[in-house]
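Engineer: Now for the letters of each chain:
There are 2 protein chains.
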Amino acid sequence: MIKTNTKSDIFQTIKDLDLFKGCEDSFFQNLTNQSQFLPLKKNQILFLHEESATRFFIIKRGWIKLFRETFDGTQAVIDILTTGHIFGETAIFDKDIYPYSAEAAEPAEVISLPLSVLKSELETNSKLALKMLSEMAQHRKIQDKELEHRTIQNASQRIGCFLLRLTNQEASGNVTIHLPYDKTLVASRLGMQPETFSRALKKLKAETGIEIKGATIFLESLSQLSNYSCAACSSEFPCRDLKSGTAG
Amino acid sequence: MIKTNTKSDIFQTIKDLDLFKGCEDSFFQNLTNQSQFLPLKKNQILFLHEESATRFFIIKRGWIKLFRETFDGTQAVIDILTTGHIFGETAIFDKDIYPYSAEAAEPAEVISLPLSVLKSELETNSKLALKMLSEMAQHRKIQDKELEHRTIQNASQRIGCFLLRLTNQEASGNVTIHLPYDKTLVASRLGMQPETFSRALKKLKAETGIEIKGATIFLESLSQLSNYSCAACSSEFPCRDLKSGTAG
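Just so you know, the sequences run in chain order B and V.
Per my numbering: the first sequence = residues 114 to 361.
Per my numbering: the second sequence = residues 114 to 361.
Excised from the complex, chain B in its bound form (with noise of 0.2 Å):
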């Protein structure tokens, strides 16, 4: 593995994000002068919820679970993110507080960066705020999305959307997808109970005629799926609302 966590590393993988395009080296410096690099076991909670937040966060590998808790310990996991993905960062807009729990759901590493420095970067480079505005419509259609599937869409078309977003959706012919983290965590991804999933699963299976081995699915076409699950949403196939390879 390459080490990444050297000051000049950490620079370039903020320097590469999409949403600092444009931003001068001078912000990069400061980001990266004030920057953590943290390896993080399976489990290991990163902040809770309502925490006082003084910093964001750059995914580099793996896999970062988002998510809120009720008193009694029942989980509501509202976002699964990997490479390349920020978080925490939203808490410069809600009086610094975290407005939800992280967790590595899998080992991970994570840069660690100082809010402040974000917080006055938007202040004054109203480019930069209109590339997180723009993102957080993007995001803001996703969820919509993700509440209209609840609404409309079953159990099992829920799991073939998902399995959809993880290909390449202009691909011909045959397609394998592999589930990108354990089965447990895509069902609470997708709001399910085990028990639900694995219901759900063998009924997409002998609804459309999909071959599931372990963590990996086998289609003849893409069409397979998406005659089956986009008949109960408002986006056509390929789907310009919910980007490939995201579990958003």
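Quick caveat, the hints were computed from the structure, so don't treat them as lab data.
Among the clues, some could well be false.
One copy or two, either will do: identical chains are not told apart, so a pair holds if it fits within one copy or between any two.
[What the hints assert, rightly or not] Below, simulated DSS-like cross-link-like pairs (lysine-lysine); rule was C-alpha separation at most 30 Å, straight line:
1. LYS208 x LYS254
2. LYS173 x LYS232
3. LYS154 x LYS254
4. LYS296 x LYS326
5. LYS232 x LYS254
6. LYS240 x LYS154
Small disclaimer: the values here were computed from a predicted structure and weren't measured.
Add chain V to chain B, keeping to what the hints say.
Structural biologist: Structure of chain V alone, referenced to chain B:
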């Protein structure tokens, strides 16, 4: 009813918006010059999902339903907004395409405004961009909350939460709640079939002892509902995540 369709009324309405606090009068004047006052009949469509967008809107009166539709006409309600809310504005972050359809849920009055003026203001006014980011972050939290509730609350608990959001959460003693729009619309706002909603409302009554007469609900105290609904939620009551008085 007060006449609200003169240009000076429109100027004042825009200037009073919390989102635009601190903007210059020239910005309000530019918006006003290209504004239109639109009275809408019940069920009148304002724009359709994926239509090209040149205008955004402020609600003066009534309720506006934002929704998306599948090919076979199944509807997913995204939001139902009222006086003082703006909508359609996020199109500027998404290739000038409306991310949803909008229709009057009841007779309503809206002010139509040019997106182009908002767009150029955002490009130079980073304070406005930050204000908008902050509103988007708040909205994102509400949506996260809604997805959480779809996962861990039952239908009756979700109706209870909807009702609590219509109250002054600091109130003590007896509370009377009026449904803001008809029950079918409340059901679709909550992503429920009308039959599911009826059953869940009956169950809510049985579980909490609230009294329901038509569109009016009587509580002995707010805790009657909050004990029941907020038990399956990661926020405490009173709720800092879901503003009082919004149906969001």
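Engineer: Are the hints correct? Go through all of them and say.
Structural biologist: Here is how each hint holds up against the structure:
In this assembly of identical chains, LYS208 and LYS254 lie within 30 Å of each other by CA distance both inside one copy and across copies; the values are 24 Å within and 13 Å between. Within a single copy, LYS173 and LYS232 get their C-alpha atoms as close as 22 Å, which meets the 30 Å cut-off; across copies the closest is 34 Å, which misses it. In the homo-oligomer, the alpha carbons of LYS154 and LYS254 lie at most 30 Å apart only across protomers (28 Å), although the nearest pairing inside one protomer, at 32 Å, exceeds that limit. For a Cα distance limit of 30 Å, the shortest separation of LYS296 from LYS326 inside one copy, 12 Å, qualifies, whereas the shortest one across copies, 46 Å, does not.
For a Cα distance limit of 30 Å, the shortest separation of LYS232 from LYS254 qualifies both inside one copy, at 25 Å, and across copies, at 19 Å. Taking the shortest Cα distances, LYS240 and LYS154 never come within 30 Å of each other, neither inside one copy (36 Å) nor across copies (40 Å).
The structure does not agree with numbered hint 6 stated previously, though it agrees with all others.
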